[in-house]
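**Q** One-letter residues, chain by chain:
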Amino acid sequence: MFDLKGYGPALLNGAVVTIELAFLSLALALALGLIGAAAKLSNSRIAVGAATAYTTLIRGVPDLVMMLLFYYGGQVAVNMLSDYAWEAYEIDFFFQFDPFISGVVTIGLIFGAYMTETFRGAFLAVETGQIEAARAYGFSSWHTFRRVMVPQMLRHALPGIGNNWQVLLKTTALVSIIGLTDMVRVAEEAAKAERMPFHFFIPVAFVYLALTAGSELFIKWLDKRANAGVIQEN
Amino acid sequence: MMPPDFLAAWLNKNDIFTAMTIMEYWDGAVTTVQLVFLSLIIGLVCAVPLAILRTVRNPFISGPVWLYTYLFRGTPLLIQLYIIYYGVAQIPGIQETFWWEIFREPFYPALLAFTLNTCAYTTEIIRGAIISTPHGEIEAAKAYGMNWFMRMRRIVLPSAARRAVQAYSNEVIFMLHSSAIASVVTIVDLTGAARNIYSRFYAPFDAFIFVALCYMVLTFILVFAFRKLENHLLRHQRPVGS
Chain B
7 MFDLKGYGPA
17 LLNGAVVTIE
27 LAFLSLALAL
37 ALGLIGAAAK
47 LSNSRIAVGA
57 ATAYTTLIRG
67 VPDLVMMLLF
77 YYGGQVAVNM
87 LSDYAWEAYE
97 IDFFFQFDPF
107 ISGVVTIGLI
117 FGAYMTETFR
127 GAFLAVETGQ
137 IEAARAYGFS
147 SWHTFRRVMV
157 PQMLRHALPG
167 IGNNWQVLLK
177 TTALVSIIGL
187 TDMVRVAEEA
197 AKAERMPFHF
207 FIPVAFVYLA
217 LTAGSELFIK
227 WLDKRANAGV
237 IQEN
Chain V
10 MMPPDFLAAW
20 LNKNDIFTAM
30 TIMEYWDGAV
40 TTVQLVFLSL
50 IIGLVCAVPL
60 AILRTVRNPF
70 ISGPVWLYTY
80 LFRGTPLLIQ
90 LYIIYYGVAQ
100 IPGIQETFWW
110 EIFREPFYPA
120 LLAFTLNTCA
130 YTTEIIRGAI
140 ISTPHGEIEA
150 AKAYGMNWFM
160 RMRRIVLPSA
170 ARRAVQAYSN
180 EVIFMLHSSA
190 IASVVTIVDL
200 TGAARNIYSR
210 FYAPFDAFIF
220 VALCYMVLTF
230 ILVFAFRKLE
240 NHLLRHQRPV
250 GS
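Chains as they are written, first to last, in the working numbering: chain B, 7 to 240; chain V, 10 to 251.
A few of these clues could be false.
Claimed, not checked - Label pairs and their in silico Cβ distance ranges:
no., chain 1, residue 1, chain 2, residue 2, range
1, B, Glu26, V, Ser208, 43 to 53 Å
2, B, Arg51, V, Tyr211, 38 to 48 Å
3, V, Pro58, B, Val54, 44 to 54 Å
To be verified - Listed below are several chain V residues computed to face chain B (Cβ distance under 10 Å; list not exhaustive):
no., residue
4, Phe107
5, Ala203
6, Met225
Worth flagging that the hints you see were computed from the coordinates, not collected in a lab. Ideal placement from N, C-alpha and C gives every residue a C-beta, glycine not left out.
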């Protein structure tokens, strides 16, 4: 089709890295979002305060700054910890903070905050009658959460999860800045070396476009399935 | 009021937050604010006519606008920035024209990329607000004999502005945060200043936590301003007596 000057396989590998990064971050974000939403809706003041602080802090800081902080700061923190462990207990360990892990942790943390808000809204949309019924059947609160609330709130959360996923996918491009060889990084190096920016960036842009368009269709299909048994108003 | 002892002690022995670095951060903050403010204003001014064109029934008019917003919303801003920043120099003949003097500075390619990006998102926000105008308002305007232009200016756009302001405030904050990537193309904005200071002192926590706080202050100023604006725009909907 078009000549990628031998960068084709590298770009393909980069695309795989991007997709892996996106899915791992999504998994972390969903887990954090569930925990965050459960904390926000709990009766414990400490849990509510911690979850509110988490979502407010994350939404005030740019994703790139957070990523730089985790990547450069994470390594310094690990080094300090390993120095301390060596001096105090003679335990020798070293851990290299690589861009991939920093990327997953940062993107997961950021989108965990957005997912918290999505899940919170979705939990509130579950009818209280459902929860009362579960209680009347003698379900414990964990049981009610797992068997009644989570399955029913997912339907309400799906559009929000979909939007967050679209934004998350585009945020993964930032990880190239801290040195991960994803497709953006490969394209940048190729564009610089060959002095052909359009030639390498435009295909990458189209891969992102295909990913967002594909996920849009998939989310629409999921949404249809999730709402299969629901009578639509209008 | 005296600062607490631990803070005073920490400030005394710190050699990172000197007047020099604070000035660097300040210059960075000015660049960030300029970049974000200019791109938002230009983006908003372009988005209003584009949003109106996007609601036109003729697909030859609304189609290109749809394509533009789809392309710019479906790809990462970083890629758009790279394409414009690296791409401008490759346009044949540009180096002989006066545009080269402007686009040689990384500020202007970045401004162009940010403007195009925010304009695409804003177009969709305004379009959403325009198509949700209640039918009755338009019918009433027609009944008063208003022509299309007057209807747009007096009825549709003001009413759409009220519905769009909430989503637009999110877009503004999103833009402020996205502007951090300007540091990638050698612009010394807030993040760029933090990266310089980090590499000079190898002190990631001081450099990046401080800059995170700066962004947080800017974000909360914006949130506060938009809350005021929203109250102002929606004051006719408040219950009587409050």
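**Q** So, for every hint listed, does it hold in this structure?
**A** Here's how the hints hold up against the structure:
1. B:Glu26 with V:Ser208: 43 to 53 Å: 29 Å, violated
2. B:Arg51 with V:Tyr211: 38 to 48 Å: 40 Å, holds
3. V:Pro58 with B:Val54: 44 to 54 Å: 45 Å, holds
4. Phe107: 22 Å, violated
5. Ala203: It holds, given that the least Cβ distance between V:Ala203 and chain B is near 7 Å, below 10 Å.
6. Met225: This interface hint holds because 4 Å falls under the 10 Å limit.
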